[in-house]
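Undergrad: My request is simple: use the sequences and hints to build the entire structure.
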Amino acid sequence: MHVGVEVGGTFTDLIAVDGETLVVRKVRSTPANPEVGALNALDTCGIGMAQVADLAHGSTVATNAVLERRGPRVAFVTTAGFRDILFLQRQARRQVFDLAYANPAPIVDRASCFEVVERTRADGTVETALEPARVAGELVPALKAGGFEVVAICLLNSYVNPQNELRLAQAIREHLPQLQISASHDVARQFREYERASTTAVSGFVQPVVDQYLLKLEAELGRRGFAGAFSVMQSNGGRMPAQAMRRNAVAALYSGPAAGVMGAVYQVGKSDVRNLITFDMGGTSTDVCLVDNGAPILTSSTEIDGLPIQTPVLDIVTVGGGGGSIVWIDEGGMVRVGPQSAGADPGPACYGFGGTLPTITDAQLLTGTLRPDRFGQGAIALDRAAAERAFAPIASHMATGVEEAAAGAIKLVNAVIVRAIQRVSTARGRDPRDYALVPFGGAGPLHAAEVADELGINRVVVPPRAGVVSALGLVSSEYRRYATVTRLLDADSSVGEIVSTFAQLRRDLCDEFARLGHPTDSLAFEHVLEMRYKGQAFEIQTPLSQEELGSLSAAGLRKKFAYEHNRALNHAGRPDAPIEIVNFRVGAQTRSAKDISLIGAAGEGAASGGDGKEGRVFVGGSWQECAFHDELHLGAGATITGNAIVEGDTSTAFIPAGWTATRDGSANLIVERN
Amino acid sequence: MLSSIDDAIIAQAIQAAAQEAGLKLVRAAHSTILREAQDGSAALLDRKRNVVALAELIPVQLGAMGVTLRACLAYYPVETLSPGDFLINNDPYEGGQHLQDIYIFTPIFVEGRIIGFGGSVAHHLDIGGGNAGLHMAATEIYQEGLRIPPSRYNIERDWNGGPFERLLFSNFRVPHETIGDINAQFAANDIATLRLVELCGKYGVDAVVACMDRMLDYTESRVRSSIRTLPDGVYNGHDAIDDDGAGSGPIDVRARITIAGDSIEVDMTGTHAQLDNNLNAPLASGLAAVLSSIKMVLTGPDVPFNEGAIRPVTIVAPEGTIVNPKFPAAVRARMTTANRVYGAVKDALSKASRDLATAQGFETTTVIVLAHRREGGFSICTDPQGGGFGATRLGDGCDAVDSPMTNCSNSPVESFDANFDFFRVVSARLVANFGHGRTRGGCGYARRYRILRDGVDFGMYSDRFARRPKGLDGGSDGGLASCTLYSRDGTTRAMPSKFHLKLNAGDEIEVILGGGAGLGDPATRDRRLVLRDLRDGLISQEVAREVYKLDVLALAG
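If you're matching them up, the sequences are chains A and B in order. Here the numbering used here is used: position 227 in the first sequence is 1517, and no number is missing along the way. Here the numbering used here is used: position 192 in the second sequence is 216, and no number is missing along the way.
Keep in mind that the hints were calculated from the coordinates and are not lab data. Just to be clear, a hint being listed does not mean it is correct.
Some but not every residue of chain B turned toward chain A, in silico, with C-beta under 7 Å [said to hold, decoys possible]:
id, residue
1, 29
2, 51
3, 59
4, 201
5, 214
6, 221
7, 422
8, 434
9, 436
10, 448
11, 452
For lysine-lysine, the following DSSO-like pairs were computed, each having C-alpha atoms within a straight-line distance of at most 30 Å [to be verified]:
id, chain 1, residue 1, chain 2, residue 2
12, A, 1506, A, 1850
13, A, 1824, B, 375
14, B, 226, A, 1701
15, A, 1850, A, 1824
16, B, 350, B, 226
17, A, 1884, A, 1316
Virtual Cβ for every residue (Gly too), placed ideally from N, Cα, C.
TA: Pasting the structure below:
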């Protein structure tokens, strides 16, 4: 039995799969003690823990610790002259025209920042060696007096040569063995001292929080007879055994969105769809990610609460458009949608929980794509009169009926999603028409075909049980780790060093997997060089396949980089412009053969096209006939033509006129333009 | 007014196109001034030469794009342009700001006719002139670099190894970087063009062109409704530059603002006569400062900038003053003056509405240029600096951040270490030189450079070495900036705010950037914040006790 448990802010989702058995469970999260929510889900799903061979977990524990600044006391130590690195940051403002602008608040206060005398040059030579005796005499007493639990170390140029950092860590450990040490060369061996220092400090801060959380959870699982493999989802789309997260908690900050992408990739992969754009639309926001040949695009850094984190994460673009997004009229008379959301409380007006503002969910109800008595298979009765009242001011402003106003709001939120998709596709030199659109989350499949229409995409693939694709991603994903190192090299004269640096990183990863007890001969590797024309400050990711690496030449690398530069920035440099390598990144992941099905018994319904009850939807400016189908009664081979709605227990899909949907043998709904 | 849903969608797509072009301009840039300082912008302009959408990267580039294009089209009318042509202009006396800002425009052809322009501007590291990067001794524009009058060239014929590219190449000190940045500008124009053509394909040319018109009307109406919230009247604002760089000052900047209904006139009569140095600000810089002030103080960030924002604003800038200098005045350090125009307008607006008032911040652009000539060419580094923001009614002024009119990132110390062999940053720290108050000013900071080679050019212009940022409603004034030279022979010398010097290996120089002023009575400040600042070493026990009236003993007990 594979079990995935995702602890979100409001709900904890569980999915348990084993052959034809499928259990889906949603319980309230318990933010004060998140493991309680996770255990509640496990205790009520009706599965004995002894049967569970594989338990994958994702949570917002690390994220919340940072957002609420609840965690251990962290000291920060750096090179003399630079104790304020975390406060000086990068000097630019994110909101350019805001006079009340404030810098992101570091997780360390200024009184907890210390200096040591030392200096390493950019070429790695040590100009001033660290003196352990001075550390013992000056820093150690200060650390002792401050009552710190963690010390984060980031010394200048330690990405080239960590010698002084290692000596410092050693000196601290000798005197204060109980202190946890987070050293920058170990956490993020990349240049740019502020970003590395920030990553190191946040990593040191979340590590004990995650450790304690996982310990508690593991103990409780043990009490319930669990003896299987326990793993944790990371922001890079792969899992790691829980014990490995002891060194790597910062990699788990955005496990939720990453799990969604991996679930979608896995599920549509069964239908041989490998080039796709995922779009996860929930209550407040939509996450979009582009997947090339089964591999989601990665980016080398992210941030939390404005603080930079140098760790590879799935390149997910988030925009403020979801089912709960509020529709409003700005001072200039323009109709707008979001980014404010009614959230779960008070929620859309039609929920009847006290919300009065019009939302996208209200708009769906008014246009008939959501039915009052069928939302979440009847879990919440929707109040159409409340939705009408909420939309009345918008309709009166637009001088139309409420249905037109609602349809307009849906068009606007679709435009927000379209722009997010353009940011991951056209803005990165990729044509969205070469990809299938894969919607999930409660609201995604309702909008997908219309979004596809705007982008000229001809194929939408809706996974079954689209509302729990994220939980599926937990159990479907592989173990994955990345190793990154900065080495500033001239691209034309470094072929040998490129090959040997990659080989070293691969060996490091193999060692790590071996320590975790995984066979290393079946690992799949990916190699990326982050490069730029000399003088530039932003690097372009240049992936190299195993074959390309085997026959690497300076000319070949130059060509490859020029191609990627042109794709990203619409031009390439002169053929002789000097090119610089900045970062090397290697990813390693396990390869296993899993068969996880999201539909308990695919084909449990008739293959005829289901039970298509007739109804109406408001599209294209008028009420039109529409067939309503039950997702669970739509068997393999069933074909339906738009207008049609497919209602499921976790999500609703809309197939407009001009599109045809077929349920395939993998239970995916393949929706194609006629 | 944008009321139809399609209009809203097209408008947002046009704005996104400008933003994408601007982002890629910065990402592709070679020189630190563009890539780190983001001193550039990209825009979509309509066929009538109005900026319709602008990548809002840096406030000082608000406004100038339309004026420089109009200057080009006065010589080369729209109907004479062919595909492949581009227009280029960096002339401060033809709509530009200073020679370093080169404006490039590419006509957008749809169905055989021009429906608009992709435009971009970038601050270039070096464009020739008397000194690498920054010539502080310039008294006329001829010494400041190459002037490119409004011109038309063709990319096939004149660029990519053609005569115009070669002309620029041979006049600039770091030509690979500069030409690389100009190529990034062409690419940005192409992206804006591509996106607009795509939109026309989807919605039709007529719908897109009509939407561009309505976008201007929309922004105009938003700005007008903001102005309408102010009471009619005449309000006088003032700010001043310390001195002219030779010790003579202050140099006054005045803004007399008249609010009449939904229009605003900014009259800068009474502002100091133009100077014999590079502090003069061409009209476009003053326009940007006025618009930035209005946008920051009055309209809020969600009003997209375009030419419509200019319609309700009239600017009077008497000729022969530092806000409208006569040819051939030098203009390189125009930011210093532009910052004071911003301050004077903000001062006047705060008299029109007390609620809008904030304490003064450091509000000074400090440009530091380090350059070294070696075998085979130059190595140049521009390191622009900010300071502390003024306190607002909502909270403390931001610590150590770039000044409102600009938005430059600093460069990582490790990036300097890897790229420059003739100097090094040896310390960077916060300085608690802020004004106290119920909300306090933002911290300034200090940067110390050590010179590693002989014969290094060190040029700098800054301000507020003598005149403090003013506190508000009982808050105290912010702290001053300063600069100290620690020579290798052991002597120490206080430097002025504007200078150029040759330095040698072993010399060190420290620049302290000023902090913002405070707002309100410090005795009413949240005690937890006073304690935090005390713990963080930003205020002393004595200041906590005497200024903030913190009962330290009671708290300890």
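Undergrad: Using the nearest Cβ pair, does residue 452/B come within less than 7 Å of chain A?
TA: holds (6 Å)
Undergrad: Should the interface hint for residue 201/B be scored as holding, given a Cβ-Cβ cut-off of 7 Å against chain A?
TA: Since chain A brings a Cβ to about 5 Å from residue 201/B, closer than 7 Å, the hint holds.
Undergrad: Is the hinted pair residue 226/B and residue 1701/A satisfied, with a Cα-Cα distance of at most 30 Å?
TA: holds (15 Å)
Undergrad: Once the shortest beta carbon distance from residue 434/B to chain A is found, is it less than 7 Å?
TA: Interface hint status for residue 434/B: holds (4 Å vs cutoff 7 Å).
Undergrad: Tell me if the interface restraint on residue 59/B is satisfied: Cβ within less than 7 Å of some Cβ in chain A.
TA: holds (4 Å)
Undergrad: Holds or violated: residue 1884/A and residue 1316/A, Cα atoms, limit 30 Å.
TA: holds (24 Å)
Undergrad: Does the interface hint hold: is residue 422/B within less than 7 Å of chain A, judged Cβ to Cβ?
TA: Interface hint status for residue 422/B: holds (5 Å vs cutoff 7 Å).
Undergrad: Close enough to count: is the Cβ of residue 51/B nearer than 7 Å to one in chain A?
TA: holds (5 Å)
Undergrad: Between residue 1824/A and residue 375/B, is the straight-line Cα distance small enough, at 30 Å or below?
TA: Not satisfied, since the Cα-Cα distance of roughly 50 Å exceeds 30 Å.
Undergrad: Less than 7 Å between beta-carbons is the criterion; does residue 214/B satisfy it with respect to chain A?
TA: Constraint on residue 214/B satisfied, holds at 6 Å.
Undergrad: Decide if the proposed pair is consistent with the structure: residue 350/B and residue 226/B, CA atoms, cutoff 30 Å inclusive.
TA: violated (48 Å)
Undergrad: Residue 221/B was flagged as interface toward chain A. Is the shortest Cβ-Cβ separation under 7 Å?
TA: violated (12 Å)
Figure legend: structure checked against the earlier numbered hints; hints not met, in rising order: 6, 10, 12, 13, 16.
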